[in-house]
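Chemist: Please construct the entire structure, taking both the sequences and the accompanying hints into account.
Here the protein sequences line up with chains A and B, keeping their order. With numbering that gives the first Met the number 0 applied, the first sequence covers 0 to 282. With numbering that gives the first Met the number 0 applied, the second sequence covers 0 to 435.
The set of hints was computed from the structure by calculation and includes no laboratory data. Possibly wrong hints are sitting among the right ones.
Computed Cβ-Cβ distance ranges for the label pairs, DEER-style [what the hints assert, rightly or not]:
hint, chain 1, residue 1, chain 2, residue 2, range
1, A, 77, B, 427, 45 to 53 Å
2, B, 66, A, 149, 20 to 28 Å
3, B, 352, A, 84, 50 to 58 Å
4, B, 272, A, 144, 54 to 62 Å
5, A, 70, B, 295, 40 to 48 Å
6, B, 319, A, 243, 43 to 51 Å
7, B, 153, A, 68, 51 to 59 Å
8, A, 68, B, 262, 57 to 65 Å
9, B, 282, A, 149, 31 to 39 Å
10, B, 416, A, 243, 55 to 63 Å
11, B, 161, A, 99, 40 to 48 Å
12, B, 285, A, 77, 48 to 56 Å
13, B, 416, A, 251, 55 to 63 Å
Where a beta carbon is used, it is the ideal one built from N, C-alpha and C, also for glycine.
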Amino acid sequence: MTVTSPTKQSGGRPHENVLRLRGVSKRFGAVQALKDIELDVHQGEVVALVGDNGAGKSTLVKVLAGVHPPDSGEIEFEGRTVSIQSPTDSRDLGIATVYQDLALCDNLDVVSNLWLGQELTRGGTLDEVEMEQRSWSLLRELSAKIPSVRIAVASLSGGQRQTVAIARSLIGEPSIVILDEPTAALGVAQTAEVLNLVERLRERGHGVILISHNMADVMAVADRVVVLRLGRNNGTFRVSDVTSETIISAITGATDNAVTRRAAAKTAATPVPGDDLDEEPEA
Amino acid sequence: MSTTDRSGTDAPTNEPSTATGEQAQVLQAEYADLHDERLIQHKGVGGAIREFGNRVRGGDLGSLPVVIGLIIIWGVFQALNPVFLSPTNLVNLTLQMAATGTLALGVVLVLLLGEIDLSIGSVSGLSAAILAVTFVQLDWPLVVSILASIIAGMAIGLFYGLLYNRFGVPSFVITLAGLLGFLGLQLWVLGRTGSINIPFDSWIVQFAQQMFLPEWLAYTLVVLTAAAYAMQLWFTGRRRAAANLSSASPVSILLRAGAILVLLGIAVWYLNTGRGVSVMFVFFLALVVIMNFFLTRTGWGRSVYAVGGNVEAARRAGIRVKRIYLSVFMLCSTLAAVGGLMAAARLAAANQSSGGGDINLNAIAAAVIGGTSLFGGRGSAFSALLGILVIASIASGLTLLNLDSSVRFMVTGAVLLLAVIVDALSRRSRTASGRA
Ligand SMILES: Nc1ncnc2c1ncn2[C@@H]1O[C@H](COP(=O)(O)OP(=O)(O)O)[C@@H](O)[C@H]1O
Ligand SMILES: [Mg+2]
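Modeler: This is the structure in structure tokens:
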């Protein structure tokens with residue numbers, strides 16, 4: 000299915016920088032969970048956020064989602080410096096977060112879940128017809144395989160539930176969609192379904208931050224990979240330029256700064272359009 | 000919101016880029032909601048029955064168990080004593096149900112959130128006491144007394160809601176404390192007298208004991224109800240068709256509205272062969288229908304179900320969860336106060352045992368027997384009506400058989416147990432068939 004978005008066409012103003020983080024830090028008591036984090040996300044770009052357990056990925060997501068406001072650092076959204084103090088701030092900016100546990104209401108049907116908290120009304124009552132029609136449009140546009148939007152989400156498969164959760168995040172037309180481990184609990188076919196969905200998000204012009212442990216998934220859909228290690232940036236790679244071994248060594252720190260330096264040299268040779276700062280090696 | 004801008008449905012001129020695009024375009028000729036070939040569709044009346052069968056097997060029982068139970072109960076009592084289904088007895092039944100049914104309606108709401116209110120009996124008793132003392136002893140205008148009682152109920156619910164939201168104490172404990180505390184307050188308000196009679200000629204007692212709908216009005220209401228139902232189905236159907244979604248056929252709309260017309264018509268005719276349709280009962284029915292409307296047609300109702308299903312999901316979806324709890328606790332206590340007024344009016348008195356005895360537990364049992372799940376997120380306003388119908392039928396039937404309350408308590412207990420088991424079993428089969 001073709002993308003017909005008038006506003007989010009990736010052909011319009013390609014690769015405009017939507018989200019830009021500089022020097023973002025967050026500590027929990029004695030734990031410095033994030034230190035001087037830099038991150039850029041462009042329109043229609045899939046950025047994979049990878050790192051070992053405890054590297055700070057979830058914390059970074061929560062900073063962006065407004066769950067944990069950062070201690071210091073600057074967040075620029077669509078060119079403006081913003082402060083994200085609450086989940087509402089985050090959502091109002093246009094950042095949608097799909098948490099790992101999805102948080103769907105099993106007792107409600109697909110339409111109700113998609114529009115939960117932002118129901119369309121008509122004369123004060125729920126506009127079920129409009130919501131159902133738009134649900135179908137959205138799901139079809141995502142090439143989602145959902146048999147019916149009027150069945151309880153509990154009866155859907157894992158991949159279908161993930162689809163509903165992702166589709167729901169798109170209702171408010173966010174510029175950035177954050178997916179926390181969307182394929183962690185899924186089988187092969189369902190993983191493919193979700194990765195397809197990530198492609199659709201890119202086509203629709205959303206900036207996507209994808210957290211994943213699975214190198215195959217990352218290499219399959221991401222444009223860039225941002226590695227976190229012990230709460231710091233440990234390299235940014237263009238997927239077309241690296242092997243998963245290089246990324247893995249940046250994650251584990253096996254070859255430490257040599258890897259990042261080499262990677263930085265490579266990416267400097269073929270700069271990501273509109274991207275200038277985040278390829279620099281760690282000091 | 001610009002989701003429709005990109006809608007695939009109303010933009011068939013898009014160049015299909017792939018074979019699947021072409022296929023999708025062909026499918027767009029059909030209804031947008033019936034595309035998926037994996038969707039098992041049932042067409043026509045037979046199909047509707049088969050789909051209903053599937054739903055039941057999947058554990059989505061709805062009102063089915065209680066309707067079956069009611070038919071059995073009525074059959075048994077009618078066989079044991081033919082007076083049971085006489086118009087006189089059924090009219091009495093409607094009069095007996097209304098007050099406790101109103102309490103049960105509030106319980107349905109808190110159960111939908113997965114919470115409980117054990118204090119509804121005490122609150123209804125307090126409300127009755129306030130009415131009697133202010134109206135009879137202090138000579139307040141009746142309307143002011145009624146308002147005072149209702150406001151007391153609202154205040155109690157507000158208090159519960161604030162406690163719940165502030166301290167996260169389980170509603171079980173808060174309302175258990177309320178059960179004791181407000182019983183004490185009721186006794187204190189009544190003072191030494193202990194029992195106060197409400198004058199027979201006051202309109203509230205008339206309303207509860209003597210007022211019946213004129214025949215023409217009762218039938219008019221039946222016709223209007225069926226017509227409103229049909230109109231609503233028809234308008235929804237037209238909008239759905241315009242939106243390229245499948246819609247109910249005119250025949251099925253006529254059948255459904257016709258069924259309502261006939262059922263209600265027969266009920267009214269039968270009650271009219273006795274004293275008639277009680278105004279207080281109609282008031283209770285109206286409360287149920289209004290509550291059903293708010294639960295199923297408004298964002299507030301959707302939020303109630305969402306909070307009952309998954310609080311965390313509701314919170315993350317931006318629902319103001321605390322407001323939902325607050326509103327539901329307030330509505331429950333307010334309905335308890337209203338039910339207390341109805342009970343006092345029917346008795347034409349308020350005394351120390353107003354709202355006491357088995358009223359509390361009957362109201363809670365009615366909500367559960369009617370099919371509202373104890374686990375939250377599932378149920379309907381109509382379960383208050385169906386549940387109280389079962390309980391009142393058992394009470395009435397056993398009284399007709401000259402059995403005393405010992406048997407009544409045991410039978411009602413057994414039915415409640417049965418209802419809870421059905422709830423638990425259907426929950427299990429929902430899990431098995433993936434509808435958890
Ligand atoms: N709410 C919190 N309170 C205290 N420490 C936390 C909190 N959240 C995360 N941390 C700590 O921050 C570090 C990064 O955690 P996290 O962001 O969850 O890592 P990841 O998601 O990459 O596995 C860990 O050491 C973790 O213990
Ligand atoms: Mg994590």
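Chemist: Please go over all the hints and tell whether each is borne out by the structure.
Modeler: Each hint tested on the structure:
no., hint, verdict
1, 77(A) x 427(B): 45 to 53 Å, "holds (50 Å)"
2, 66(B) x 149(A): 20 to 28 Å, "holds (23 Å)"
3, 352(B) x 84(A): 50 to 58 Å, "holds (54 Å)"
4, 272(B) x 144(A): 54 to 62 Å, "holds (57 Å)"
5, 70(A) x 295(B): 40 to 48 Å, "holds (46 Å)"
6, 319(B) x 243(A): 43 to 51 Å, "holds (45 Å)"
7, 153(B) x 68(A): 51 to 59 Å, "violated (37 Å)"
8, 68(A) x 262(B): 57 to 65 Å, "holds (58 Å)"
9, 282(B) x 149(A): 31 to 39 Å, "holds (34 Å)"
10, 416(B) x 243(A): 55 to 63 Å, "holds (59 Å)"
11, 161(B) x 99(A): 40 to 48 Å, "violated (33 Å)"
12, 285(B) x 77(A): 48 to 56 Å, "holds (52 Å)"
13, 416(B) x 251(A): 55 to 63 Å, "holds (59 Å)"
Checked against the numbered hints given earlier, the structure breaks hints 7, 11 and satisfies all the rest.
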